[in-house]
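There are 2 protein chains.
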Amino acid sequence: MHISIIGSGNVAWHIAKASIVAKHVIDCVTSKTIANAQLFAQTYNTQYVETIKKLPLNSDIYIIAVSDNAINDVLKDFPLQVNGIVVHTSGATDIEILSKQKQYGVLYPCQTLSKATEIDYRNLPFFIEGNNESTLQKIEEFAKRISTNISYANSLQRRKLHVAAVVASNFTNHLLLLAQQYMTQNGLDFKMLKPLIEQTISKALQTDPFSAQTGPARRHDTKTIDAHQKLIDDNNLLKIYQLLTNSIEKTYNK
Amino acid sequence: MHISIIGSGNVAWHIAKASIVAKHVIDCVTSKTIANAQLFAQTYNTQYVETIKKLPLNSDIYIIAVSDNAINDVLKDFPLQVNGIVVHTSGATDIEILSKQKQYGVLYPCQTLSKATEIDYRNLPFFIEGNNESTLQKIEEFAKRISTNISYANSLQRRKLHVAAVVASNFTNHLLLLAQQYMTQNGLDFKMLKPLIEQTISKALQTDPFSAQTGPARRHDTKTIDAHQKLIDDNNLLKIYQLLTNSIEKTYNK
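Residue numbers (this note's numbering), protein chains in the order written: chain S, 1 to 254; chain U, 1001 to 1254.
Hints may contain errors.
[As the list claims (entries may be wrong)] In silico lysine-lysine, DSSO-like type, Cα no more than 27 angstroms apart, as pairs:
1) Lys115/S x Lys1191/U
2) Lys191/S x Lys1250/U
3) Lys1191/U x Lys17/S
4) Lys191/S x Lys1100/U
5) Lys1191/U x Lys1017/U
6) Lys239/S x Lys1250/U
7) Lys115/S x Lys1250/U
8) Lys223/S x Lys1100/U
9) Lys223/S x Lys1239/U
10) Lys191/S x Lys1138/U
11) Lys53/S x Lys32/S
It is worth saying that the hints were derived from the structure and are not from the lab.
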């Protein structure tokens, strides 16, 4: 299928790469920052236009891959006479933001995407939605060439999925940062925790996080919990320690 | 080397298995619950004794692998005339709890251990400490036959490492549980998040958690953050959402 991509960030970058791997054709890219659009077009051997208004009218799908806050800005200038489907890639944004288009939908890749990190696209989970059955089918056709992991989700489901993704991914990553900072401040090497972290996640995903839980909070080991709190100087980390310890204790004392 | 094991929980179980793989000899096991000691002895084809007082006196190392709160109870009955080294396996407990012994130390496996989950012992991180150089050497000799990943840590370093391990492992696992519970309550399948979670961890460990951070809090996307909070009914999850969002925002707005 022929696509145009609006945006040049992490999501746009990976959608472009995945599309090329899947032998879709990128007609055109555009970005608020022209230098980014240029670099993007060069990298993926395609055309770029300087403004959204100049997008070609004959792509099959127009993929708006910009930050949630910027979708409305893109739509202000979007050529309404396009025949193709217009989709956004946001987990948190309702499909109806696109309702001025003839055919529209959502193509949400539920994955943490950074330009520098390679992704197995065949396993990339896409959550798709369309304003009608035939639009949905075409979006599915596009996505299926990229990945085997396609699910339907309406806007409310997708927004809830996004909440869960933030908890399981963004917050988890932040805890790793807090652990790393604490270790660095105390002359310890974060690498020492690598086997523990890998095993924690693999165990939680292979069994289930409820039964996989270990540690002082699970055992209600108040002596260790108290001692730990005395070893934490940073007030922010201390509050997080207390709230999560409390949450684990509540979970297992029901 | 010849060892005796006190305890029959997850840590005792894995130390026993790892010791056998490394061709150490288990002289004897004991446990507060005799049935557990029996099963343990049967599983690892060794002897058990019904009380700590009856432990053989000629093992090279006595490994106290019980919960932190129970170490003192074990020590009350521990035969002081043993010639071998007495070690505990706790991340949170000072070496000096063992100071009535002649030779003593710590053998802390920094890993989440469950009986049902297989572990690559060659990569199991041990943090060791001894009451003197020759004791430390013998503990190292024991541990090196099991794993290639041995570090020295004094009691304060080990206790701090344990704080970081709780943050990076116990809390991380709990976030996965909270995400799973939220999804189940909203008719979503936790499995959908598996590729995201795996990629999050692998990215954080391959690059670093600071630059790996993505999501609405990192972007200071208040619209999405507000919308998410309206989708969370559970007060405990809401508090965690707010505190961690706030912590991420502070991290990237410095």
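Cross-check of the supplied hints:
no. : hint                  : in the structure
1   : Lys115/S x Lys1191/U  : holds (25 angstroms)
2   : Lys191/S x Lys1250/U  : holds (25 angstroms)
3   : Lys1191/U x Lys17/S   : holds (25 angstroms)
4   : Lys191/S x Lys1100/U  : violated (34 angstroms)
5   : Lys1191/U x Lys1017/U : violated (31 angstroms)
6   : Lys239/S x Lys1250/U  : holds (14 angstroms)
7   : Lys115/S x Lys1250/U  : holds (24 angstroms)
8   : Lys223/S x Lys1100/U  : holds (22 angstroms)
9   : Lys223/S x Lys1239/U  : holds (25 angstroms)
10  : Lys191/S x Lys1138/U  : holds (25 angstroms)
11  : Lys53/S x Lys32/S     : holds (12 angstroms)
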